[in-house]
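There are 2 protein chains.
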Amino acid sequence: MKKKIRFALLLLLTGFSAMSQQALWGGAEITSPEIRDDHSVVFRLMAPNAKEVKLTGDWMPSQGWVPGTENMTKDEKGMWSFTTAPLSSDLHSYSFQVDGLRCTDPNNVYLIRDVATVFNVFIVGGGNADLYLINKVPHGTVARRWYDSPTLGLTRRITVYTPPGYESSKEKYPVLYLLHGMGGDEEAWIALGRTSQILDNLIAKGKAQPMIVVMSNGNAAQEAAPGESSLGFLKPTMQLPKTMDGSFEKSFPDIIRFVEGNYRVKAEKSGRAIAGLSMGGFHSLHISRIYPNTFDYVGLFSAAILPNEKDTARIYKNIDQTLAAQVKNGVKLYWIGIGKTDFLYKYNQEYRDRLDKLGMKYIYRESEGGHIWSNWRTYLSEFAPLLFK
Amino acid sequence: MKKKIRFALLLLLTGFSAMSQQALWGGAEITSPEIRDDHSVVFRLMAPNAKEVKLTGDWMPSQGWVPGTENMTKDEKGMWSFTTAPLSSDLHSYSFQVDGLRCTDPNNVYLIRDVATVFNVFIVGGGNADLYLINKVPHGTVARRWYDSPTLGLTRRITVYTPPGYESSKEKYPVLYLLHGMGGDEEAWIALGRTSQILDNLIAKGKAQPMIVVMSNGNAAQEAAPGESSLGFLKPTMQLPKTMDGSFEKSFPDIIRFVEGNYRVKAEKSGRAIAGLSMGGFHSLHISRIYPNTFDYVGLFSAAILPNEKDTARIYKNIDQTLAAQVKNGVKLYWIGIGKTDFLYKYNQEYRDRLDKLGMKYIYRESEGGHIWSNWRTYLSEFAPLLFK
Chain A
1197 MKKKIRFALL
1207 LLLTGFSAMS
1217 QQALWGGAEI
1227 TSPEIRDDHS
1237 VVFRLMAPNA
1247 KEVKLTGDWM
1257 PSQGWVPGTE
1267 NMTKDEKGMW
1277 SFTTAPLSSD
1287 LHSYSFQVDG
1297 LRCTDPNNVY
1307 LIRDVATVFN
1317 VFIVGGGNAD
1327 LYLINKVPHG
1337 TVARRWYDSP
1347 TLGLTRRITV
1357 YTPPGYESSK
1367 EKYPVLYLLH
1377 GMGGDEEAWI
1387 ALGRTSQILD
1397 NLIAKGKAQP
1407 MIVVMSNGNA
1417 AQEAAPGESS
1427 LGFLKPTMQL
1437 PKTMDGSFEK
1447 SFPDIIRFVE
1457 GNYRVKAEKS
1467 GRAIAGLSMG
1477 GFHSLHISRI
1487 YPNTFDYVGL
1497 FSAAILPNEK
1507 DTARIYKNID
1517 QTLAAQVKNG
1527 VKLYWIGIGK
1537 TDFLYKYNQE
1547 YRDRLDKLGM
1557 KYIYRESEGG
1567 HIWSNWRTYL
1577 SEFAPLLFK
Chain B
1197 MKKKIRFALL
1207 LLLTGFSAMS
1217 QQALWGGAEI
1227 TSPEIRDDHS
1237 VVFRLMAPNA
1247 KEVKLTGDWM
1257 PSQGWVPGTE
1267 NMTKDEKGMW
1277 SFTTAPLSSD
1287 LHSYSFQVDG
1297 LRCTDPNNVY
1307 LIRDVATVFN
1317 VFIVGGGNAD
1327 LYLINKVPHG
1337 TVARRWYDSP
1347 TLGLTRRITV
1357 YTPPGYESSK
1367 EKYPVLYLLH
1377 GMGGDEEAWI
1387 ALGRTSQILD
1397 NLIAKGKAQP
1407 MIVVMSNGNA
1417 AQEAAPGESS
1427 LGFLKPTMQL
1437 PKTMDGSFEK
1447 SFPDIIRFVE
1457 GNYRVKAEKS
1467 GRAIAGLSMG
1477 GFHSLHISRI
1487 YPNTFDYVGL
1497 FSAAILPNEK
1507 DTARIYKNID
1517 QTLAAQVKNG
1527 VKLYWIGIGK
1537 TDFLYKYNQE
1547 YRDRLDKLGM
1557 KYIYRESEGG
1567 HIWSNWRTYL
1577 SEFAPLLFK
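Chains A and B are the protein sequences, given in the same order.
Read in order, the letters of the first sequence are residues 1197 to 1585 in my numbering.
Read in order, the letters of the second sequence are residues 1197 to 1585 in my numbering.
Rather than coming from a laboratory, the hints here were simulated on the basis of the structure.
Even for Gly, the Cβ is constructed at its ideal location relative to N, Cα and C.
Any given hint might turn out to be false.
[Claimed, not checked] As a list, the in silico EDC-like pairs of lysine to aspartate or glutamate whose alpha-carbon atoms are at most 16 Å apart:
| id | chain 1 | residue 1 | chain 2 | residue 2 |
| --- | --- | --- | --- | --- |
| 1 | B | K1332 | A | D1344 |
| 2 | A | K1431 | B | E1367 |
| 3 | B | K1332 | A | E1424 |
[Claimed, not checked] Not the full set, but computed from the structure, chain A residues with beta-carbon under 10 Å of chain B:
| id | residue |
| --- | --- |
| 4 | A1339 |
| 5 | P1346 |
| 6 | K1557 |
Could you put together the complete structure from these sequences and hints?
Encoded structure:
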């Protein structure tokens, strides 16, 4: 009787809003993606009226600008499906093309925006990606805060990870400043980069020191990520003003001042690391050399190293001079990671030659693959354990 | 020359990853939705091969379980479009149906999950929804944290809004505990409810006291929202165990203990408010009466009031007795909001009779519409200014 009444109420509640009704109406019984024990993955889409359904995923080889696709096959009920070969342990992204129209998977609510496109995502564990899972370990706090940047004349949004135990401790913590690439923002590392999961897991295993991770927004014209600023729900674009013209580097002390004024941190060179991917690697390279004796740890992940500084903003000149000073002042770790097929591979090798000539010691990590998040998550997983030891 | 090199580099960077390539390839020139000055909205979808495209939106009348739709029309290039009448100022949600397949809008990256379905969203300002926009006002901090619930034997995730100035002040702040409905979680109020925007804007206008808002997870079997727990990217469901069986209410002191142990708060009855929508209204009703003298402010938003407590869990019995004690102890504000067409309307009127008999004074707010987020955002916008005065 008790159960009966509760069940009737649940039915009532289930029927609540128009939105909830739609939620139920969307074909709740289909599982897609289904990750099998052997790490092959089955995708399913009920589309009886479609003539052609293709799957595109980040594990498929792409040709230049054209992403790879696989044709899905239709059964007698109108269900399209495709089963992959076993996939690597990673966070993977995909979407469907239904008669030429790009569609997300209506049976997978997990989506991540990359620049102006939204992808469905899933995680294949059992390898690298075990670090990307939310495991039963102590979890840090992730906060979205706003700081004043007098240099840019803006109040700006920032994402801050504080490690487990931060709030209840009296200790001072070291800080990793972690910078995104072009088209990214203060959401990139936390969403696509799985930063909080990687740090939680590394710290729980005793493989990384508890540290604060500060994920700033490197587009100096922006207050915040698309949809999170006073510009409203604008359409994101890849090409933004004030990204690689020196503005962000000039304003970086505003961020350090905010962090060191608002968190219990080791406000000294040995307690500061800076790393970034692509444009964020470029920013990290320059910020670490133009503010002397500020960072003891530098990480360049597939860094967008400019082929030629001759015609660039003044802040990007005198590189050798400032790098030589950086060598002289000393750096505990200078870390360079690049994929073999990255189109920036050549520029990174030229940069290594330059460092060699200046006598800068560094760790060099060459990985498979190109300019992809899979590498950047891996680099973070390898770089973080080397910090603050 | 300087510009030329930078542009060449930008092109290179733009072509970076397979994902970025896909981002560009998705038809960047289409604007959808386009919100016009008169608040009519144009939706567009390029689907030359589709035979029929429908639009469904939360502003359309739905019939029982079937959401309303509008037929879109196709031009010679294969672009489907539809223009609405002027819409109300609100956060609106919508999706497309392409030859029967539910699709999100590939030109709108703004998506919110409601239970197991993902909708595109947009905001029409110029009215109520001006409170839902990110305006140029001081912004509070939104943190996702984890707390221990010894009662439930779980470490659980919680969303906490701290008002602008909290970090730099020494003051103690009052706390609003804000609870979600069935199928929701600790993300519901912050995403669909626009809580941080509403509070930022009300506080900036001097209409609400600066307060902390704690958004807990009322599904007592869950560690966290779908995708945010150790269960991984599981498919969300509406019907969860331990939602209305007394477990959450029993564990609520764990949340209060965490908040009062971790934030600078007014840890007294006059500094505590509790409010919730639907199931969260049900939780608020019961939590406020079973912990005597704990809350001075109670808000029931479209509360899922049980028609009959006879056969329910023990925690839901002796309602009159505990309510009478609540009346005797005194409450500064008891607030009830319900929509005229809400299917819970009748039960809320019965509950009002009950309160009248017990001599409990309350503010009663009857709105248009039913059991919808539009009402819950409005209720929060009206309720918050009444607190802690």
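Hint check:
{"no.": "1", "hint": "B:K1332 with A:D1344", "in the structure": "holds (13 Å)"}
{"no.": "2", "hint": "A:K1431 with B:E1367", "in the structure": "violated (40 Å)"}
{"no.": "3", "hint": "B:K1332 with A:E1424", "in the structure": "holds (11 Å)"}
{"no.": "4", "hint": "A1339", "in the structure": "holds (4 Å)"}
{"no.": "5", "hint": "P1346", "in the structure": "violated (16 Å)"}
{"no.": "6", "hint": "K1557", "in the structure": "violated (28 Å)"}
Checked against the numbered hints given earlier, the structure breaks hints 2, 5, 6 and satisfies all the rest.
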